[in-house]
Amino acid sequence: MMKYSKKVMQEFLHPKNLGEIKNADGIGKVGNPICGDIMEVYIKVKDNKISDIKFKTFGCAAAIATSSMITQLAKKKTTKDAKKISINDVAKSLRGLPSLKMHCSALATDALKLAIKDYENKKKKADR
Amino acid sequence: MKFVYLDNAATTKIDSRVLKAMLPYFEKDYGNASSQHLIGQNAKNALEKSRKIIAKSISAKTNEIIFTSGGTESNNLALKGLFFENYPEKNHIITTKIEHDSILNTCKWLEKKGAKITYLNVNKEGFMNYKELEKSITNKTFLVTIIHGNNEIGVIQDIEKIGKICKEKGVLFHVDSCQSFTKVPLNVNKQNLDLVTLNSHKIHGPKGVGALYIRKGIKINALIHGGGHEKALRSGTENIPGIVGFAKAVKIAKKRDVKKMEILRNKFIKELLKIPNVNLNGPMKNRLCNNINISFNNIEGEAIGGYLESFGICTSTGSACMSHSLETSHVLKALGFSPLRANSSLRISLSKFTTEKEINYVINKIPKLVNKLRKISPLEGGKW
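Protein chains in written order, with our numbering: chain A, 492 to 619; chain G, 3 to 386.
Take these hints with a grain of salt, some might be off.
As the list claims (entries may be wrong) - Listed next, the stretches of chain A that the computed footprint assigns to chain G, with coverage defined by at least 3 CB atoms under 8 Å from CB atoms of chain G:
#, segment
1, 496-507
2, 529-542
3, 551-558
Simulated from the structure, these hints should not be mistaken for laboratory data. Don't be surprised by glycine CBs; every beta carbon is placed ideally from N, CA and C.
Assemble the whole structure, with the sequences as input and the hints as a guide.
What follows is the structure, encoded as structure tokens:
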């Protein structure tokens, strides 16, 4: 194992918000099955706020920990604010990530952004 | 159970008998083996006695063993030392795609110096093709270098067969035996081995010591110059405590330990294969007695390794996320496996100290952890 912070280990061994949401309002899928990590984020939105969020991840300890962390950071936030969650915010909440593993954090923020975009696109279509 | 060490292909615990044999050479006979006084000569005697033990273990002559700092140095000395001796008349080396980094990266470096390297393919189980080897040998070839027992997937190559081919074609044959030494029979005469890399810390000896067998009459350049130690092939005051420990480790290695590891490993593999959607990487037969490499599909190797570590179980993984470079294992890639299968791999390596109780403890944990991680995995259900 690489040297991780206690917080990373805690989130890796006991991740929060894992699984899928049936009838999700938005889904974000990132990663590449040919190389490396894969992440899926599911959101439910109510009054512009993320009322529920879940994830599924194929990846290392850091990938699982960042997924778990981003779902906690995004929950109850407005979609507008959730989009602003940065790579550094996730790493900071995990009390740091090894520099080699920062890309895991990027994957998590990308997946969340895609899920919100998916929700917005669906909403636009419905409003039309 | 607090701690189960199953990463013996990385390194092993020192045997207490080895440690005991070493201690006098730190405190009592700490002399320099080149010194003429008594404690120097005591050290010299210990050095030569150790050389004899190691030579005998591979049916070599005592003066054909050169002590080094370990497997990496021995591999470097063999390849670079022979290259600089033979270049430019001959510049071609044949090796495989599943060598240890100390061979592959030395080859890559030598390519920049004018060497031509052929990297032989292996089949799905990791065995090389002997016909392909034969066809690759040209009049520019001076060396074939092959890993005997593979450090990741445990596959054992038929070095007697390779030795025969090399002898017939008149090229030198170097074997990297870091993982196989004392586990698989090595006989430099019967197997036609010209150079053999040996090391100590994989067999319950100390770290920082190894050896290179060089058949008498082979011309080779030194890499380290100085006071002319080790027939001027490796200058530097000899690491007597380390060398004594190395010899002791060789002396106490027993066939029955190999048998014991093999039985435990077979039981372990059998239990692991009961878990759905797993693949054993490497062959069932002709495999190092202490090696298991298994892919728990749809889970990253580091994730399962990390979960096991939380229960005090130390293993290793060939997954991209573990290495310094974040690159998938070149060995699993060479077997033709998908990156997903390669990244899902876990290496479990036993030692003579591994107990059945420890194995049962681990076998009991793995299926639950695999289940938990598969519940998180987006790959379950075949959507990707």
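Against the structure, the hints come out as follows:
no.	hint	verdict
1	496-507	holds (count 4)
2	529-542	holds (count 3)
3	551-558	holds (count 5)
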